[in-house]
Structures are given as structure tokens and as C-alpha cells.
Amino acid sequence: MRPLLKSFLHFFTSLRLTVVLLVLSLLLVFFATLAQVNLGIWAVQTKYFRSLFVTAQLPGTELFVPVFPGGYLIGGLLLLNLGAAHVSRLRLSWAKSGLWLTHFGLILLLLGELFTGLWQKESMMRLDQGETKAYSESSRQIELAVIDTTDPKFDDVVAIPTAALEQLGTIQHPKLPFRIHTTTYHQNSLLQMRRQVPNVPPSPADQGFGPQLVVTPLPLTYKQDEQNMPTAVLELAGADGPLGTWLVSPLLTEPQSVTVQGHTYQLLMRPTRHYYPFSVTLLKFSHDRYPGTDIPKNFSSRVRLRTPDASVDREVLIYMNNPLRYGGLAFYQAGFEPNDRTTILQVVQNPSWLLPYISCVLMFLGLVIQFAIHLTRFIRKRTAVAAAAATA
Amino acid sequence: MKRLLPLLVLVLGLVYLGSTLVPPPTKSEFDLRGFAQLPVLVDGRIKPLDTVARNSLLMLQGRQRFVAPDGTTLAPVEWLLDVLFNPAVADDYPHILIENPDALAIFGKEQTEQKRFSYNELRSGLPELERQMKLADPVEEAVRSPFQREVAKLYQRVVLYDRLKASMNLEDSPDLLAEVLRLKEMLPAFTTALREKEAGRSYNQENFKMATAFRDRFQFMGDSGYLMVIPPGADNPDPNAWQKMGDALTGSFSRGAVNPDAMAYAGLGHAWRLKQPRDFNEVVRLLTTQLALSFGSELQKCRAEATFNQAEPFISSMTLYVLAFLLAVSSWLKWPDPLQRSAFWIMLLAFLVATAGILIRMWLEGRPPVTNLYSSALFVGWVAVALCLVLEKIYRNAIGVAAGGMIGFCTLIIAHHLSQSGDTMEMMRAVLDSNFWLSTHVLTIVIGYGSTFLAGFLAIIYIFRGTLTKSLTKDTADALTRMVYGIVCFATLFSLVGTVLGGIWADQSWGRFWGWDPKENGALIIVLWNAIILHCRWGGLVKQRGLMILAVVGNVVTSWSWFGVNMLGVGLHSYGFMQSAFYWLIAFVASQVLIIGLATLPLEKWRSFQTRAA
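Residue numbers (our numbering), protein chains in the order written: chain A, 1 to 392; chain B, 1001 to 1614.
Take the hints with a grain of salt, since some may be wrong.
[Claimed, not checked] A short, non-exhaustive set of chain A residues, derived as facing chain B with CB atoms under 7 angstroms:
no., residue
1, T33
2, A35
3, V37
4, P291
5, V348
6, L367
[Unchecked claim] Derived coverage of chain B by chain A (criterion: at least 3 residues anywhere in the stretch with Cβ under 8 angstroms from a Cβ of chain A; other residues may be distant):
no., stretch
7, 1037–1045
8, 1236–1247
Think of the hints as simulated: they come from the structure by calculation, not from any bench.
None of the values given here were measured: they were computed from a predicted structure.
Cβ atoms here follow ideal geometry from the backbone N, Cα and C, with glycine treated the same way.
Isolated chain B, as found in the complex (with noise of 0.2 angstroms):
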């Protein structure tokens, strides 16, 4: 049994993974997963509608799952459908979050288990919050108060809401398909009533009086909606000139003809307003068939990021992590060996899909691992993972599974938050927009991130097994001290070539080397952190115990550079800027204070080493 344990917890992790690449079980006729996959451009990126609907609940409601008033849970798409289309419905739909009581003011409540609205329930106090975001907006972002912040977030959400509501329908028309249909009807009559007016001939007043009317509906349809699905012709050599619903059907009137992804959009609606799956589907198929030909590989990144998107690989490397983490610590306690293989083999798996999931966002990215502050907490768990599988190959203790199973789910749990505030795969701004630099000098940084955290993961594991437990030997400690030297010189390397790497971008972009920036400021101090480590090292000045305390204070230094200059709000590098995550800085810091204080009780009160003590 033991021996076939490493074995058995392998399969069942696989057995695990296998279940997340499995579509959930679809009780709807309709062919959701297709119009998942379907392309569009927003935010100046071709994605498929399926993280268009992720995306939009993340912003309108902080969280994936929706809930419908039915108590029925619906697939992010389908509620998307919903709100695309069936407005009436999606209004009594709660998903519009509200956490601040003096927010919820604005609209007469009080606070209650209630934590999200629906548009109906909010629309009495909509015309306040519009006089509240007008008060709020002069005000600098970084100095608004936190009910201000409140109002923008609101007043962003409710927005939001709006113009995906006004993407393919007009609010105020019973039926889309029937007035497109009508007016690819009377077109050729449209035209010429213009045509004739324009040139100051006699026209048709009816005709003219019924084109502009359409016309100026569609126009408010194109100004207000927010998705661009309509792909560019077959005779249009722009790739990226996708349009807005509205103004592809206000393009009617110069054309000449309505445009046939339109009219198809438009039918699409209908037929999911009045439950028809077999012309639903029907319209998918169309619709993906026709953007096969001139999007063939758009439509194909489309299709990998809504399958990504539904098999959360991040998540089950989480759950893999922890996972590993608990079977390393229970091998100091039983069962060293066939825990400490099973351990290994889990971190392994857990590696492995984090490794895929960066691969396959790199893919659809067309960039290198690390583009924004989401992509670098995945990245420095991956680098402190990838050290930890060879620690664990070299010394086979369980200490790098322990370690790396910790920093892995840690830093995907940092990862998940960062991701609840819209798509993780924006666009590089200007000066970012550079692969070659974001591929030297952002990856060595967050390498120097990954190591320096590494090393003060290892010594945690020093000081609770050493204070805590009795099973700190004294090889276990020597292993422990080699290892945590051999990552710190590892960390000193990588932060110090990547801030060196950083100051040469500025030369090449900004025309000075070094401009005490805060983010820059932030990578030097831990190069000399680092540095300090090894001087104080190879001095004498430190033994195990003071070097252990050291890489702990690394935490802190490299929290503080990651996160902590981000909330300064100052200086050419605030794009990352942040704030949420104040509180659970300080929280970190003060955990790692702990850890500290911990370490520095006299060797006696230790667990461990009472014999040496003694």
C-alpha cells in the first residue's frame, strides 16, 4: 500500500485535471458553446464572447458565477445572451454590486445581507449617482474619497451594463430582426429619397422622413454599445476595422446593402428571445462559417481561450498545490518516503497545468509570460515552483514540495484577485508595447521576485519546524541554511542584472538611466537587500539562525516593491497602480513581523535542537 502510494495519488490528481477539460453537462438546446466561441473586438483585442461575459460579470458583480432571481445558476454566456437581448429579463437580473453603505444611500437602501442590485431595483437613483459622479470627477483618482471611489465604481458598473445592453439591440424596439428586415426591404427606396434630397431634387418625404429616422436609431445604437462584432468585409484590408452593431447597420445607407453579420446578429436575438434553439444554432453556424474564412486563426484563438476559460487551469493548480503542500508536511510527521514521492509528484502536476495556462495566455497574447501585475504573481509562483522541483530533486526532504506548494498557491490566490478587476490580457501601453524588454528585463525582475521569495518561504519552514516541532535536525537544518544561501545568490543575480536591464530600457525610452523612480527604487532595494544578505554571510556576521531571519525580511522588502510602490501612485511606472491590497500588505508585513519575532526566542524555548542546547 505505501509503496503504491505515489502512484495512486498521481492518477487521482490526473482523474482531477481530466474532469476540468470536460465541458459541463448542458441541459440548453441552444448552442451555447458555439456562440461562446465567437469572436469580437473590444478593448482593442479579438476575444471570444465567452470572456467578454466573464469579464463583464467580474466588473458588474466581482465574481463569475451568476445566480438568476430563479434561483438557477446560468453559464456566464447565458446570462450575456440575456442581457444582449432580452433586456426585460436581464433588468430584474442581480449583478450589480454594491459593498458601500453610503453608496447604497444614493439609492435609498440600507444595508442589508443585499449585496447586489438589479438595474430595475436601482433605477429610481440613477439620476443621484450621475449628480454624485459629476461632484466625484474633477477630483483626482488618487485622492478621492472612499465614497467617491464608491460612486466611479458604480457609475463605471452601471454604464457598463448599459452599453452591453446597446451592443446588438435597441432597447426601445419590440423586435430588431423585423425593422432590419424592414429596412433591407425599402433600402433601394431609403437611398434614393436621400440621394434625391441631397441633390436638391424633388423626393419621396415619406421615404426621407423614415430613413432618417432609422438612420439616427442606429446611429445612438453605434454611439452607445460598446462591442465591436461586426468583422471587417471580405473587401476591407483593415483586419482590425471590426464595427459596432449600430454603425454597421447606419454603414447601411452608403452601401447600399444592410451587412449580412447584422442582419445575422439581429436574428440571432430574435430567435433567443423567443426560444428557438434550432434557428439559434442554425445562426451560429452561419456566423462561424463565414468568419472561418477571413479569421480562421482569430477564430481558433477564440476557441482555445473559451475552452481555457472554462477549464480554470489556475484554479485546479491551486487546489494541486495545497494539495502538496499538506502530503510534504504530513512526511515530517509519517510515512517520510511515499509521502514525500506522492508530495513531489503532485507539485509536479501542479507545475505542469500553471505551466500550460502560461503557455496557452502567452500563445493568445502574442507576448512574453509577464505583461502586467496578474501575469507577474503568476509568473514569480512559477519561477519559485520551477526552484523548489530542482531543491526537492537534489535533497529529496520534502522542504522544496513544502515550499513551493505554499508560494504556489499563495501567489495564484494573488493572481485570482488581481484578476477580478477585468481581463488580464490588456493591451501594452506605448512604452511597454516591446517584446524584447518585456522578455529580459520584466522577466529577470520577477525571477528576482520569485527567488527572494523563495528563500524567505524556506526559512519559514527554518523557524516554525525549528520552534514549533522537534523534527528540525540538525541535517535538515544544514540543508536548509544551504539551501536558502544558494537561492539568495540566485535572487541577487536576477535582481540585480534585471535592474540593471530595467535602468538600460529607461536610457533606450526615457533618456536617463536611472530616475529614482519608485518601481525602480523598489527592484534596487532588493538587489541591496540580497546583497546585504550575502555580505553579512560571507562576514561571519550572520550564522543559520540570523540568515534564516534575513531572507524572512526579504518578504517583506519584496512585497513592498512588488505591491507597495504600485500604492504610491507616483512616478512614470503607476500604470500598476492599486489599492485594495493595502490591507493585506500590512497584513503580510505583520505576519512576517511574527515569523521574526518568533525566530529571535532564545534557542531553549526551541523544540528542536534541545540536545544540542542542552
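Chain A on its own, in the form it takes in the complex (with noise of 0.2 angstroms):
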């Protein structure tokens, strides 16, 4: 058994598997790039980076097979690789120290990705000049939203995301007097109204604009312009039996609703959202240009921050370069509607965030002792055959 692990154990540390694995990551990212033409920065994350292994479809079937170490999988390779290497192989000493450095600089920027993948969270915040808003929406994920209006004062909202509608099962929320059975789900669709459309099938929908539309599904996009806009269709069940059927979809902005034991629901598919404990409320946006041209200088939204109890309540300048970190939150100038009147705000929640900043230090720190060993050593040599050379 031992030289068995004695060879398991010069496998991980060997320099010469360092190589393959950088090898192996020069090329990923090398094709993930390619890839981006076509598929789109956020698919090629998920498919090359975030991943254990890129998978291809097998030709003429519906099968993926893996034909690339992903992401994952190299860098967690490489991690074990250097840790390895760390504790059998390289000594703990000064002539080494800039090498030291240097890799636990770059295990602390590994691990900063991957907690990023885990962890981060993105959204966006769409405010026109004097709105106020407490929460963010999501730019990818759909939620259906079941909101009881019945109160005047306030909503009651359940949020179900749509991960849970696609899987057609019924769900049944304690807070709801009913139950809610998708039957059919399409990731990306486009609506129609019916008379535009002859000779189609009646519409599987009873119940608010559903009677009216009809359904085409369409392929997932992976383009950066262009969102998935999902649909579904569901059966609402009550104590007393079925209460009709609904379509839902982020294209229909209006609320459709429903009456059930004197409650009035609203059924609303949108953005997922992310409510916080303050709110933002939009006071300026601005849009500077170059003199005389339509090149953008800068963009700028001015903002007041203020929670319910007032205990936070100030106006925040937010621009290129320059976010709001509030709350564990950043807030960066994103974007702007063509009136110029509408600031999108991208809210980012990342707990790693400050981790690639500490590797930025550390692996600089590493590689200039490391060079300067080098280098003293070699102007030492030098100095060294030069005096040689004077006395022969």
C-alpha cells in the first residue's frame, strides 16, 4: 500500500501537474471566450466555468457527455495541487517566502470566485426621478407573485418562484386558501392575441386575459439583449373545488384576480424581487455629454437613503466608479433609459467581495520578493565573474 500512496502522493504535488492544469485553464478560457459569440457571457459562465465538466451533446441524441474539465473541476485540482505541493514538497524558508505569498494569494483569489459563485447575488433597481423604492428585481429569474389586497393599508405577497412551476406538481402555500397546479410551463414564449392568430386550438385558460391570447413557446435565448420570458398555465383549486384557470406571464403586466372567501388575490408574474429594510428614491439622474458630440462623460443618479425609523437618512451621489456600499449591498450606475429621466442600478450582494483585493496585495507583495531574490542573486553572480574576471 505504501508506494501505492507515495505515488498518489508525487502525483498531486508534481510540478508537472501544476503545468497540465494551467494548461488545461489557459485553454478553457481560451474556448469559453470563443464560445461567447454565440452563447452569450452568462451561458458560457454556467457551461465552462461553473461547472465540473463542459459537456457536449452526443450528435443525433439527447445525450451530454463530458469533453472538457470545467471550471470546477480544474481549479479544484489546482487547489489540491498547490496545497499539496505546500505541505510535502516546499520548504517554509525566506528564499521561498515570495513564493509563499504568492500562492496563498492566489488560493485566496480561487476561493474568492468560487464563494462569488455561491454567494453573489444580482439585481437591478429601476427608479424614475422621484421614485422610491425598497426592492430590487432580478434581471434572469421570474417569480409568480399571489398578492391579497384585501387590506387597503397593505399587501400580503407570496412569491413562488418559477423553479417550483416547472416542475408541474401542485403547490399549496399555508397562507392561501387554494391550491395551485401548473399544467403546462414554457421557459421562453411569445404571446399573441387570438384573433391575430386563426385557426388554433382553444386556449387550455378560462380565467382572466388567458381566453384572449395564445401561447407559442420558443427557445431558450442566451443573448445579452433579450430575456426569457416564460409562461404558464394554472389550475386554482379551493376548499370547494376548482375555481378556474389562469395564464400567467412577465408579458402581462396588468394583475389578473381572483375572489376566494372574501379575499381578492392578485396573480402577477415578474421579476423576482428583493425587498431591504430602507429605501432608495431617485432625486437627479444625469447624463453628461462632450461638448458638441453625443459621447457619454458621465452618468450619475443622486439618491436619498432612509430606513423606516429615520435612523439613516442622507443623499448619495452614485456614478461611474463609484457605488453605494450600503448594507452589505453596492449599488453601481448601470444604466439609464433613453429619456434620460430613468436610472437602472445594479445591486450587488457578494460577502467575498473584499477577498480578491486582499490576493491583489499579497500576490503583488509575493512576486516582487520572489523577483527580487532573483535578481539580487544574479547581479551577485556578476559582480562575482566581473571581479574574476579582473584579477585573471
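Hints given; two lone chains; assemble the complex.
Structural data, given as C-alpha cells:
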């Protein structure tokens, strides 16, 4: 058993493995970059980097087979290789201190990227001038909101992620006096008015807007400027029997309602919302251009940040390269509407955002120390040679 | 003789440089220099008319040199003066470049020797060009066919020419100055008529009609013009409130006075058209004195920029790099010591000229050295040559000069081609408008590019000298190996730190440290490649020759990151998009593959190392 363990250890600590892994990661990055032309950045991230294997479909089948190690596998092996080498091969000494620092920084960087992949949440906050919001909206995820609007003073919202609808099962929520059964779900779809499309089978929906509409399923889109628009057909049933069938989609921006046991519920499919214990009001959005041109010079949003108890109530200017960090979130100036009155802020929650900063410092110091050691050694050798030549 | 050679070469180099600073002898009686230095606001930047003339020529006809139909070569501003003030002459100037035969067919022409056409020659085909542009317009730029791309380019050229012509002149006016003087004389009567009409009182109908006719004409001039030539008046607090001449003249009605600068430019045009140098020079002098009062520092910058344009320091530097390279290579064959020293001095001179050029650009722009693809090319070369000077100082074997001369020349050629698309000092788009990040992330990344290239070029010297000549001795080979190794270490440091800094910038501006954007990936690939070289070396996986081959691959990797990713046209960084360079990139990669092939020849086939192999 001993020699096997030894060769196993030898394999994981070897520089040869490091080189192989580095080459693999280089190829992975290269091909992933090329793939972005067709797939878009988001799809590439999941397919190439946030995966153990890059898979490809066998032609003519539904079968996906791994064709290349993915980012998680290569990154994980690199970490293992690095850790193992330091434990068994590289001694802790001043001469190697640069190497240790660099590698430690690298470990932090890789971990930071892993944590970002796991924990980072991104969403958008779209604000018109004067508008106040205490939530942001996901740019890719959609939810089904069932809103009890009976009490005029507040709304009681039950939000169901589309992932739950996709499984076509029945959902029973303690707050709702009815069950929701999904009969059909399309990840991306197009809605048309029924009168514009002749000769189509009758709508499965018999309530709300559904009967007037025709759903056409579309393939998933990966383009950066397009969004997938899911559609679901929902059968609602209360204690006394079926309530009817509704068609829901984020394309329908007006809510549809159902009344059960004296309560009115609105059904609305919308971008998933994240609520915060504070509100943001857009005071003014500015879009500066260079004189006499349309070249943008700066975008900025003057906002007011306020908590309900008014312990925080201040004005902040968010502009390019200068986000607002508050409550573990960061708000970035991400975009605007062509009317120049509406700002789009990107809201990012990333608990590990500091790691790259630390690792940058460590790696810089490490490499400087390492190469400085090389350089002094080289200069000493040269002066020795020169001295020898002079005496000779 | 041999001892004096370096000194002689240095003096010759200095004389050559001095000659570029002397303005070319001009036979013109007009104060063209004074006119060339006048500031205007175009594309968000105050620049001299000389720059406007040169960039317009580049955009219209792909080069700065312009030859009139009668065979005389015009200075760029002379050409501009005719376009601005004498359209009847300029419409016959062959300055609109059409290379694509399909685009020529729009104008019913066949491909011949002629590539540049005059506005009059194209006039009949302009409606068809406009129709083709309407067809091409909805197609996204990245997926346009070569014909559509050519149509768009040609359309832009024609529009640019039209807008230049309308900048300081009304095409149907026989004499704009006469019109402006008439306006000045009648302005009180005009404003009264306009005011009375507005107030609903009785007014002089004839004056009102004339006033609106004037106003409409000048408004049209303002709408179609391009150059903002009229500086804001002394009462205007906004220093950026420059105006087009048409707008300034339209403003006469609301202000109750004709803008004196607009009148001066109209007079300038009059004097140029009628060939009255005395009047022309007097107006230029007046305009300059007037501008010096409130725009003194801008005027000073414009003077410097016009001189800079004319001296073309990067062209001189390019010539000197070639000379340095040739001297260095010759030194391996004959007279090693004097030729090596001459080569060193010439490269130092070229380097200083390039440094001065970069510094002047920085001063003019008020920016760190790298702001766009063009300046990155300048700086990549600068970094590589700076490192070469250090190497040469240590090793004194002409290898540093040969590599530096080669890289300096190549990067300046690349820069020269990149400058063909217009102003190289364009304004920075919002997200890039950060001198802090431009001077940290961008500089370190570009230093990484430059040093990775240098390692690759040193390796090429090793391979060529080893395989094709007998001059690669063991000592030289060992020295080259140490150089390549040292430079790879340097490159690793800078490309790694630059890449991580880029991530931090992205975190500051977009909310994510790393987005796998093509440009970021390109930078990462360089870091990975340098790390691979170092680990191969440390692990003993490669020896001398392997190291050289890996370094040459570094050239391919770096060129891909520098230019290749821009050609993909995706991602947040895609502002550096470009198309035509694609074939050059392919050619460069092919050449590197050939060199690698050469290096993999068995050692017996190398001309050097024969004794050792035997």
C-alpha cells in the first residue's frame, strides 16, 4: 500500500500536474471566450466555469457527454495541487517566502471566485426621477406573486419561484386558501392576441386574459439584450372545488385577480423581487456628454437613502466607478433609459468582495519578493564573475 | 575611424531629428502656420485646425498627403482652406477613397488605377449611395457584409465632406462676407421687425421677410456644419460653450449684434477665395490675439499640437529604430564593438524621441499615456525598448538593441495603421474616464504586454541566430536564456498585477470582480501562459530551446489578447472593436508558428552548436 500512496502523493504534488492544469485552464478560458460569440457571457459562465465538466451533446441524441474539464474541476485540482505541494514539497524558508505569499494570494483568489459564484446575488433597481423603492428586481429570475390586496393598507404577498412551477406539480401555501396546480410551463414564449392568429386550438385558460391569448413556445435565448419570457397555465382549486384556469406570464404586466373566501388575490408573474430594510429615492439622474458630441462623459444618480425609522436619511451620489455600499450591498450606476430620467442601478450582494483586494496585495508582494531574490542573486553572480575577470 | 563611428552615427541621427523640427519651406504668402494653429472644438476636444485637416484627410482618403489635380502637393491646412471656403475648387479634388469594386458600381464606375474620387465625380451616384445606406443601416455593425460596411464607410466620408463644407460657408452664397456685412447693417431693422411682429403690432413686411430668410439660411448652416469654431464670448462663463459659425450667426438676432469672430472667419474665407494674403494674414493675427485673451492655454496647446503634428516624432523614431536594428545585426557579423555602441546610441535616441512624443500627447490630453488601442501600441513599444536599453547596458552584446529596434519599429507601424481611423486623442467614454485606473490597471497590463512580447522577440533572435547563422555561441545562448527568463518574470509580475487590478476596477464600476469578459480572459491567458513558462522552467520540464519556443508562443498569446479579443465584438470591453487587422493577426500568428517549426529542427541541423553536437 505504501508505494501506491507515495505515487499518489507524488502525482498530486508534482509541478508537472501544475503545468498540465495551467495549460488546461488556458485552453478552457480560450474556448470559453470564443463560445461567447454564440452563447453570450451568462451561458458560458455556467457551462464552462461554474461546472465540473464542459459537456457537449452527442449528435442525434439527447445525451450530453463531458468533453473537457470545467472550471470547478480544474480550479479544485489546482487548489489541491498547490496545497499538497506546500505541505509536502516546499519548505517554509525566507528564500521561498515570495512563493508562499504568491500562492497563498492565488488560493484566496480562487476561493473568492468560488464564493462569488456561490453567494453573489445580482439584481437591478430601476427608478424614475422622484420614485422610491425598497426592493430590487432580478434581471433573469421570474417569480409568481400572489398578492392579497383585501386590506387597503398593505399587500400580503406570497412569491413562488418559477423553479417550483416548472415541475408541473401542485403547490399549497399555508397563507393561501387555494392550491395552485401547474399544467403547462414554457421557459420562453411569445404571446399573441387570439384574433390575430386564426385556426389555433382553444386556450387552456378560462379566466383572466388567458382566453384571448395564444401562447407560442420559443427556444431559450442566451443573447445579452434579450430575456426569456416564461408562460405557465395554472389551475386554482379551493376547498369547495376548482376556481378556474389562468394563464400567467411576465409579458402580462396587468395583474389578474381571483376572489376566494372574501379575499381578493392578484396573480402576477414578474421579475423576482428582493426587499430591503431601507428605501432608495431617485432625486436626479444626469447624463453628461462631451460638448458638441453624443459621447457620454458621465452618468450619475443622486439618490436619497432612508430607513423606516429614519436613523439613516442621507443623499448619495452614485456615478461611474463610484458605487454606494450600504448594508452589505453595493449599488452601481449600470444604465439608464433613453428618456434620461430613469436610472438603472445594479444591486450586488457579495459577502466575499474583499478577498480579491487582499489577494492582489499578497500576490504583488509575493512576486516582487520572489523576483527581487532572483535579481540580487543574479547581480551578485555577475559582480563575482566581473571581479574574477578583473583579477584574471 | 572605427572609434569615431558611434559618435558620427549619433551626430547624423541628431541632424536628422533636427531637420524634422524645422517647418517645411513654404512658398505661400498666406500665414498658413497661424491658421493651422487656430483652436476649434470638435468631437469634444479643443484642437488646432491643423489636426482637423489631417484627421479629415485620413478619414476621407486614408492618408495625410494630398495631391491636387494639377499635381502639386498641398499642406493639410491648404486643402482644408479650399474645402471650407472655396468649395467650387474643392469639389474637383480627388479625396474620397473607394477601394471596393462593388461600391464603385454604385457610381457606375469600373475598377481602374484610380482609387480616390472627387465630389463632382460622385455627385450623380449620391442618391443611390443614400438608398444603399438606408438598406444597410438596420443591419448590426458586426454582421454587415463587406459591401454594406464599405457603403457605411463611404457614406460617412461623403457626410463628413458635406459637413466640413458647411462649417464656415454657405454653399449657394457667392460671398458669405457680403451677406454677413449686410446682416450687420440691417440687424437693427431686422430685430425691430421681428419684435413688432411678435408683439402683434404693425411691422415692416419686407424687413421681416429678409430677416427670416437670413435666419433660416444661417440655421441651416448651423445644422449642417461640423466644426465649432466660434469661442464663447467673454460674458459666457461656460468655457465649453463653443458654437458652430451658423449658430453664432443665427444668434445675432437674439443678441442684437453680429458675433465678431463669425465675421472674422467670413472675412478669412473672402480673403482666401480672392487670394488676398495681406487681408488673410491680418484676420489670422486678429483672431489669434483675441483668442489669446481668454483661451491662452488652449492656444498654447494648439500651437504645440500643430508643431507636434508636423514634426511626426513617431515616424522619426520608427526610422531610427530600423537603423538601430540594422546596426545591431551588422555588429554580429563585423566590427562588434563600434557597431554595437552605435546601435545603442541610435536606439537611445529613438527611445528619447518616442518618450517625448508620448509625454507631449499626455500633456495635450491631460491623461496617462494609454487611453486607447493606438496609444497602447505606442506604449507597448516604449516599455519593451526601455527594458532592452537595460538589457543592453548589462550585456553589451547588441541583442537588446536588435530586439528593441524590431519591437519599436513593429509597434510604431501598428500604431501608424491604427491612427488611420481619425483622431487618436479622442474623448474617454464615461466608464473609462478615470485617470486613477487608466494609470494603474491599464499601464500595468500594457507593461505586461510589452514585456511578454520582448521575451518572445529575444527568443526569435535566439532561434534565428542558432538555426541560420553560426554566431550563437554557448555564452550568447546562455545570456539570451537569462534575459528571456528575467523578462518572463517581469512580465508575469506586471500582467498578473494588472489583471487583478482590472478585476478590482470592474468591481468598482460594474459590481463584479470577474465577469469572464473577453478582454479580461485575454489578460488572464497571458498571466497563465507566463506562469506556465515559469513552472516549466522551475520543474525542469524545458531546457534552453524549450524556453525559447514557449516564449515565442507568448507572442501569439499576447497578440490574441491585445487584438484578437477585440475582433469578437462581445462584452463590456468591446469599444476597441476593429476588423481589418484580422488578416494581419493571422499572418503574424502564422509567422510565429513557422519560427517555432524552425526551432524544433533537430540540433544537428542548426548552424550554431555544431561543435557541441559533434
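Here's how the hints hold up against the structure:
1. T33: 4 angstroms, holds
2. A35: 10 angstroms, violated
3. V37: At about 6 angstroms, which falls below the 7 angstroms cut-off, the nearest Cβ of chain B leaves the hint on V37(A) intact, so it holds.
4. P291: With Cβ-Cβ at 4 angstroms, under 7 angstroms, it holds.
5. V348: It holds, given that the least Cβ distance between V348(A) and chain B is near 4 angstroms, below 7 angstroms.
6. L367: 4 angstroms, holds
7. 1037–1045: Per the Cβ count (5), the hint holds.
8. 1236–1247: holds (count 3)
Consistency with the previously given hints fails for number 2 only.
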